[in-house]
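The listed protein sequences correspond, in order, to chains A, B, C, D and E.
Just so you know, we're using our numbering here: the first sequence kicks off at 58 and counts up by one.
Just so you know, we're using our numbering here: the second sequence kicks off at 342 and counts up by one.
Just so you know, we're using our numbering here: the third sequence kicks off at 1461 and counts up by one.
Just so you know, we're using our numbering here: the fourth sequence kicks off at 851 and counts up by one.
Just so you know, we're using our numbering here: the fifth sequence kicks off at 104 and counts up by one.
Keep in mind the hints are simulated off the structure, nothing from the lab.
From the three backbone atoms N, C-alpha and C, an ideal C-beta is built for every residue, glycine too.
Be careful, since some hints might not be right.
[Claimed, not checked] Partner residues are not named here, just some residues of chain C that face chain E (Cβ under 10 Å, in silico): (1) 1498; (2) 1501; (3) 1585; (4) 1589; (5) 1652; (6) 1655; (7) 1692; (8) 1695; (9) 1699.
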Amino acid sequence: MDLTTLAFYFFAALTLGFGAVVVMSRNILHAAFSLLFTFFGIAGLYVLLFADFLAITQIMIYIGGILILIIFGVMLTTHITGVDVKSGRTGSIQLGGAVLVTLALAATLIIIATGTAWNESPAPEVTSTAELIGTSLLTRYLLAFEAASMLLLIAIVGAAFIARKKN
Amino acid sequence: MEIGLSHYLIISALLFSLGLYGVISRKHAVMVLMGLELILNAANINFVAFARFGGMNMDGQVAAVFVIILAAAEAAVALAILLNIYQHFKHVNLDEVDQMKE
Amino acid sequence: MNFPILTWITFLPLAGMLAVLLVPKGKDEQGQELSKTIIRWIAAGTTFLQLVLAIILYFSYDTALAGVNDLKSFQFVEKVSWINAHLPMVGDINIEYFLGIDGLSVPMVLLTAIISFLAIFPSFGINKAVKGYFAMYLLLDLGMMGVFTALDFFLFYIFWELMLLPMYFLIGIWGGPRKEYAAIKFFIYTLVGSVFMLLVMIGLYHSTGTFNLVELMNQGNFMPGGIFSGTGTTLRLVAFMGLFIGFAIKVPVFPFHTWLPDAHVEAPTPISVILAGVLLKMGAYGMIRIAFPIFPDAFAYFQTLIAWIGMISIVYGAFCALGQHKVGKRDFKKLIAYSSVSHMGLVILGLASMRPEGITGAIFQMFNHGIITAMLFMIVGVIYDRAHTRGLDDFGGLAKKMPIYTGIMAVAFFAAIGLPGMSGFISEVLVFLGAFKTYPVLTVISGLSIVLGAAYMLWALQKIFFGQLPEKWQGPWDPTGRIYKTDDVNLREIVALVPLGVLVIFLGVYPNPVLNLMTGSVTQLIELMKPFIH
Amino acid sequence: MTHDTLLTLSVFVLLTPLLSFMINIFFGNKLGRLSGVVGTTILGIDLLMAALIAFSKLVTYGGEHIIQTRFEWFSPGSYAISVGYGIDNIAAIMLMVVTLISFLVHLFSTIYMEGDRRYPKFYAYLGLFTFSMLGIVMANNFLMMYIFWELVGISSYLLIGFWYEKDSASNAGKKAFITNRIGDLGFFAGIMILFMTYGSFMFEDIFAGIASGTLPFNNPTMLTLAGIGIFMGAMGKSAQWPLHVWLPDAMEGPTPVSALIHAATMVAAGVYLVAKVFWMFTADALTFIAIIGTITAFVSATIAITQVDFKKVLAYSTVSQLGFMIMSLGTGGYTNGFFHLVTHAWFKAALFLAAGSVIHAMHHAMHHMHDHHSDPQDINNMGGLRKTMPWTYRTFLFVTLALAGIPLTSGFLSKDGILAGTLAWAKLTGGWHWIVPVMAFTAAGMTAFYMFRLTIVAFHGEPKTKIAGHTHENPVRIVLPLVVLSVLSVWFFYSPNPIDASVGWFHARVVQPETAVPAAYQWEFLIQDHQAAPAENHGSHHALNALQEETHHYHYLAMFLSLLIAGTGIALAFAIYQYKLISADALEKRFKKLHTFSYNKWYFDELYHATVIALMLAVSKAMAWFDSVVVDGIVNLSAGLATVAGKVTGLFDHVVVDGAVNLTARVTGFFGSRLRKLQTGNIQFYVVMLLLGVILLFYFFV
Amino acid sequence: MTDITPFTTHLLQSMQAFVPETALIVTFLLALAADLIWKKQRHISGYMALAGFIVTGFLLVQQQSVTGITFSGMLVIDHFGIFIKWVILLSAMLVVLFSFISGELHQAYTRLGEYYILIVGMVFGMFLLTGASNLVMIYLAIETMSISSYILSGYTKFVRRASEASMKYVIYGAVSSGVMVYGFSLLFGLTGSLQLHDIGAYLQQHSVDNLTLLMAGIMILAGFGYKISAVPFHYWTPDVYEGAPVTITALLSVASKAAGFAAMLRFFRLAFTAPFTAVDADWTVIGSIDWHFVLAVLAVLTMTLGNLVALWQSNMKRMLAYSSIAHAGYMLMAVAVLNDTGVAAILIYFFTYMIMNLGAFLIVQLVADKTGSEDLEAYSGLGYRSPLIGVALTVFLISLTGLPPTAGFIGKLYVFTSVISAGYVWLAIVGVLNSVVSLYYYVRVIRNMYLRDVESQGSKITFTPAVLALVLLLAVPTLILGIWFGPLVDWANLSMAITAFH
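Okay, chain A solo, but in the shape it has when bound (with noise of 0.2 Å):
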């Protein structure tokens, strides 16, 4: 077992782990936490899978970004000193569904994704994606770059409003 087969199946564990411990904790500061080395995870899962850009990203958007975003959120709709932090889960019944959803879907989708002959060919060589990246955001994808400047724009718009307290 090389390192990279070793480093995979730790950051996957990492992935996973917090990721079912985000799902399942009672507690929203813990869930909230363990989204933390989730992205984590996957943020070492994309270094393993040659796109160091996007980990980097990754970390800087979400770690930095969404995360703390949502950790606002948390703090300012449960009172953190009441009970509430230990957030419930919804009625049995539609738990009970939701359990056989997610497997089912889990499933199909672990089906699919060993018995697919998917598009591969083998990788060049590539040391940096950054510069990759970057030229296709500025050429092919310019008109996509440019619409989710706009939809950010929006998105503040509306946030703001949304979020003001008084008209």
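Keeping the supplied structure of chain A fixed, place chains B, C, D and E upon it in accordance with the hints.
Chains B, C, D and E alone, transformed into the frame defined by chain A:
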């Protein structure tokens, strides 16, 4: 055993399912949002893995970049809306926000 | 023909409707009454003009020309391109404003004009939302007339659907206690029928590239590969059944008839008159104008089934009418409604026979049933207006109180049971003769209606007119004498009823004026169908 | 008088009564009591014209089969339907019968109906009836026949139910009409068979078609069936068993109406029809006719014996006599059957008018005594009328003799012929057919018995009630018709020989027509020896067929037997009711069951109520229920409308009905509200459903 | 360094085709600025938006000649897209007009700056979606319009149910788009491309695993299905439609659906069918998955559920929500035939649907403003209390039912024509039976307006002439299109070909 594409895909599938489970089963809306993030991350693992094993196809990584951007925007808007819900209900338990039905 | 008489006759009601809508509302009490009167007379005038046009049309109609599937021998044809658009895989959509009449439609046009005009008189009794009532009435008139004059399937369909909404309102707003139920039931039933028609229309269009009903009758116009091309294919059978059910619901025949008793019971008198007098005829008309000649092969396939349906309707309707005897509220209108099912079953049986006598009889029966049932409903209306009940048990001995009424009533009742000397007899005999040639056994069973018809009609006659007058009706109908000055029918009612009675007797003795209209067309229709009938 | 004149005049004869109808229906209220005068006058004119025609036809053109015309009425499709009218010898005679009796009834009614508030209407209906009846007489095709047939039905409906305030009267009218319609159904079916085969309604076309060997559906049975169908029409009108039930009820109508309709004309229409289309009956059809006639004659005779209502006795007697006529025609005795029709018309009309006279007198007496409860028609309330109403009694007695078949009366001539005919027929056909003459003779005997029972109980002895004692003879306008009709029942009007009708003009003019039916399907003895056109060998005995020969052989035997039996019957009646040698009550007790059975008319009404009518009502109820619950229910179910109309009693109990409604509601609920419940309002549930959707779609399409 | 000259040339060309969208961006920014500058002006951004839409309209007319694949295959500009853009633009303009008179919005706010701005943003997202031909682009466009609509549906944030609607919308939308993105990733894994054309080309040349393709397809359909509210991805629709302001509900029900259909059709045309097919022929579906059938099943489910549940609704907005689900089902029938006739039918249907549905919502808005209720009961006697409104609503509902002589009939006529001429008779039969069911709930409203409360007749409700003019602006075309629809068909006929090749 060589770590191949399917390993990543299985991780992604499991993460996707975990995310869905979170969305479905958690009462607290913020936890639901966390589940959503897991879903999007699962898709991203797919994109990146396919990019890697499909001959370093950068399209996959670019797609993942966009997904991350959108996830951020979505999270922001969703949290803003949650705050608004909190104003009304004094909680964000999704199963109790069901005034409109049938 | 320079004067577009068919357009006039069809769209005159629309002009009348606009005029009605433009009548301003008087503000004070007196002004309001005035506007109601003006509206009523506008409607009467419009329909009267329509009747005049129909009579002119009747006298200038050339009975020598056959029509049916021969474009050249249609009369008063008006043909203008209306919609012209191209679609892939479907080709050019060519919808024409195409009106014309032949022997199959002339009697119906006449009938529509007569009934529409005469039903105005009972409408004078309507006092609620008069403007809306007459506007809807005239819109309905437009739809009915359009159905009988249109020769383009698309146009036909539009007119066909156009009547639904006015009819819904007329039953629903001005109807009886369960009007909402009856109105929606009517609406939904008819719509079920017409959506199938829509599908077949589209399919036909896809197969031939035309909506022209006359060209659709030419099997040569079906393009190879069209879904209705070929003969006797399953799809053609299905399409025929779709059309047939669509029309059968309107007729209505068993088992699609249950909307009729409800609609009749709840509808106000003039609307019952129109419903029975004209609307039911549209179904049977659709069969001979569209379903049979376009799908002769499918007709041949289903001929026996159709005859069975006709027979069952005849007997079933009669039994149900008789069943009013014991079951449920004994409602006069319901009785007549079921008798309509029975009488319209005769039409179906006649059509199924595909014999000259049968078809002629069927069309004539449509005409006669229109007139006779219109009379019957007006007659019900007369006592309903006075007594505010139609329960057969609530009456008795009216003959003593209302002798003239009884006389008119007797004519209508005897006409309804097919008494010789009345027009209904001729058509019944013709239908039976024609049907007997093709389906002897079914016809003999249908003959049961001769007995049953007499039974329920005479039973009703007895219930209402004979025996002792109940205590509560001993006095005058209207002690104040404001609305009804006499106990017997008033002038307005006589004006509406007597022409129909005269027509019934006249056509019973001398049916040629109507029969001659259709002989040529009926022969043509049978010639068209003959090659397909084994 | 040329043919054309004769035909034109017939049109006038036909339409004149219609004129009376029109005048009286539209101007009756203005005319008031004058309407009777108007009606009677018009009928008088009509009678004169009819007499002219009858004379002309029977004397001048007696040898010609028929004087007729045809024209096209209307055209369904490519050909036209022909109709027409014509006068043959039997029509000429019938014209006289109808117009004369109608005239006399008009006259009679001027007194009898005097006090009625709808007096003009009564005359209007009489006019309409006469018109319709004349139409039947003149029709030379099935279509016209059927049309006037129905018109007769409707006018008799109006007349029977004339006193519609009484439920029994309007019920009787309805019953008459509907029972007739049942027969008409067969009639119409027969017509349809014939029209389909021969393409025409004209008698001549159809008979020519049959003679040429064309058969309906190429099947002789169908010709028989057509014949039986036509005969069913006759069964209805002529009140043959089992459709005879309407006639006794029809006595609810005013008595002159009974005389006109139920004695002389309408009920004769059936017999007339059978005579008119005698050409087309096959052997099987004739046998059927004979048997129906015999049963009718016998059954109704037994019923008549025990009835106590004056008019009911006469009614059953009428039914019985009609049975005789039909039986005669069925056994091939064409001339005698028709002869009996004519003679019976006179004396039965006389009997009914006499009954009317009695009832009128009884009414007056009751009115006088302020008695409104007694039954003026119950013979047990009468007695001794011989003294108070001598003219009525005399005429009544004479026509009773005629009905009983005593020599010197017309009734003897005709009935004797019939009985001889049955013997001859039984001999020629043999086997169980002998039952026909046996029953016929028995019925003849019973006729004599019950008629004399009636005469004795009503007229002889002391008045049984005070009312009877206070009766008085009626005025001349009532008595005159009685006298005229009685006189017409004397033998010499028909034959110079009081015991042999065959030498008279009637037999000369009413000749049995040659059958059109192919020989294979007809009695051998009905086929004449030589094939000459019937018009050329009228009025002579040369064209006798085997049956007629045989009838002659039986003439004297029949005469002897019938006299013996009738005499016995009369003697018995006198013994029981006049001289009380045998106690009627004792007999009644002794034969309690038989008496009850007869008194209740063999329970035919009850039987029909329990079977046919009950079945009809059950079917109609079931269908109405089916309609309002099942058909509607199915529709409501599929349309998603949860309404089922109609509370149904009797057939299905509420559990079933409610169950059906609940089922409807439940299924509807499944469609609409169940799907609606999926929209729980819980967003997470929505997500579950979304995923479930993905999974299910995936596995569905795999 | 690669030579970027060809790229810049292409970019400049692309920008030409991007003019209307650019106009929208400019409008967005200008409105944003104007809103900040003139704070007192209540509708300033609304006027800006309206002006911007009109300009965009003009530019769109000019576009008619500029078509092609732009931005390296990110966006396709073709007549099909332009037709849909017109539907989007017109409905957005109408909704802006509705908003000017909406009492619901004005009760809560003195200014509606962000409201109109977000509408512009949403229109921009829809324009992008209409032309998007790259998976990333599709995702991005969907998110752009979604994020705007999340906010807009909760715009009246002091209203509890609006907030609830917005929350449900955002969660459901996020899950749906997450599932869709996962589907995208699977498709990417199968074909190695994000470009729809390339995916199509790849699928045509290689045979791929059906199971996976099906899973990817269904997951992607979940995304589109969510946008067009197709069963079983419709759950958000009733709640959001009920909670959102009427104007936004109207916009969602027409414009957003139109964009969803456009993207879906383009996706199927480009990715799952062969690019070159004979004129007037069915598109050739690549692979052995019967997409016709999949879509037909979705269509049947969608219209049946929509109609059956609509029967039970008593809230007008909610009823119209289910009705809009049903209409999506009718249109899905025409998608299922997967040919140009079907596209033309959808275009015609959409145009008519836009007019009648907006009309219906407009009246719901007017009535809600006057009576304070969206309940069916509020409509009792409306036909007498306000005759013109009553007649107009009757026309709209009849049109929604699909009876002649109204525009809705024409839409149905062409949809059924396409379905029947493709041979799907069973589907057509299900479709017409559904429209019969729909009659029942539409007529229920008419019943309330005319058959109920006739006697009392309530108090008269009056409206300003401007409002009535707006109503007529929608009612009259509904009738006219019912009897004179040649030009519409011609236009749809010109626009039905979806650019399917490079």
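Consistency of the hints with the structure:
no. : hint : in the structure
1   : 1498 : 19 Å, violated
2   : 1501 : 23 Å, violated
3   : 1585 : 17 Å, violated
4   : 1589 : 7 Å, holds
5   : 1652 : 5 Å, holds
6   : 1655 : 4 Å, holds
7   : 1692 : 17 Å, violated
8   : 1695 : 7 Å, holds
9   : 1699 : 9 Å, holds
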